[in-house]
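Please work from the sequences and hints to get the whole structure.
Read off the chains here:
There are 2 protein chains.
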Amino acid sequence: MTHVPPPLKRVIDVLSELPSIGPRQATRLAFYLVNQGKNTIDALASGIGALANIKTCSECFFIHQTPNPICGICSDPARNHAIIAIIEKETDLLSLEHTKKFNGRYCIIGEIPKNGVLEDAQKLRVEHLKSHIGKMHNGKAEELIFALNPTATGNFHASLLMREFAPFANRLSRLGRGLPTGGEIEFADDETLGSSLERRT
Amino acid sequence: MTHVPPPLKRVIDVLSELPSIGPRQATRLAFYLVNQGKNTIDALASGIGALANIKTCSECFFIHQTPNPICGICSDPARNHAIIAIIEKETDLLSLEHTKKFNGRYCIIGEIPKNGVLEDAQKLRVEHLKSHIGKMHNGKAEELIFALNPTATGNFHASLLMREFAPFANRLSRLGRGLPTGGEIEFADDETLGSSLERRT
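For the record, the sequence lines run as chains A and B.
Just so it is clear: in the first sequence, position 87 is 87 by our numbering, and no numbers are missing.
Just so it is clear: in the second sequence, position 59 is 59 by our numbering, and no numbers are missing.
It cannot be assumed that every hint is accurate.
If chains are identical, the list can't say which one is meant, so a pair holds when it fits in one copy or spans any two.
Stated by the list, open to error - 27 Å max Cα-Cα, derived DSS-like pairs, lysine-lysine:
(1) K100 x K114
(2) K101 x K9
(3) K100 x K9
(4) K100 x K89
(5) K89 x K38
(6) K135 x K55
(7) K38 x K135
(8) K140 x K38
(9) K114 x K38
(10) K101 x K114
(11) K135 x K123
(12) K9 x K55
(13) K9 x K89
(14) K38 x K9
(15) K123 x K38
(16) K38 x K101
(17) K130 x K114
(18) K140 x K130
(19) K100 x K55
What the hints contain is simulated information worked out from the structure, not anything from laboratory work.
Rendered as structure tokens:
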């Protein structure tokens, strides 16, 4: 990378480290930005800078900008705070909210690492949830929904967590398994088709 | 996108408009950044902000940060300025430099649009090159290498440009057809790109 000015090189390096962006795409993006000129560059720079002021909810760990320590969902009196969905990431919360079929609250524990071992920060969130249930719901939530990704590691950790949280809720559940709506039987994998048979309604 | 604070929404919108980044990836990236915390966010924001100070060379249109109006390549006395490679984009320059087999200079005319019609800014660059050859090389460069992507539109424009520049150079060439037709210069390996330079026709 001779001929590349140091500031550009730095941006390429930082962009390369973002998830799902490789060095080639980072280089193309950086050159694209330079060519967009000062206005676009400044807009993106100040936009990204403003992200530093976004807070994390002390209950569910979702991001928010309310003046309180907890987010809009956790402080909404119209929601049932005794039904808690344990999810991996923020975008999963957005997806579940988008269905408009859930009126409980969430607890984001972070993506399950590929090696299957929870990080310390994730274990802390799990412990936080337990002590929260102890304080707010006399030790028993109404329902805990373990909405982890239906992958091998996700299923494994959902099982572990369900055992661990058994004393903490009246009901433990997972998201239903079956054919995706709009999908075709012909293209479903054996695993999916099998569980759609087992859980036929 | 309820529940997404406005600053985050803005970053998602700006990121979505970058080439090859869709709304889903933009959302994931924005949440990733928020979770990285203040230091990473500030580093990226100030890095991107610094891109606004990068200049464009008035001769070859590559980016640079020298105190002069022209870049390090265009001002390098060890290079043959009468051999000019006409290329589409900055990353093509980096790829060609990386082969260490070219000692001329460049003229970046920008990516040939998918519809095959050059934009006004691109036509200006072509005219600029002609007047530059008129001033610096008495109207005749030693060689012009039309190193556009070997795609249908790239080949078409290379042919047009070769006819247009016929009076402006003693030799007109294209990169050798070691390049796979339909491929892009950016993705060629050094060996292929190097021999396509050596065997230019």
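Requested in this report: Compare the structure with the hints numbered earlier in the document and write down the numbers of the violated ones, lowest to highest.
Outcome: When the structure is compared with the hints, numbers 1, 7, 8, 10, 16 turn out to be violated.
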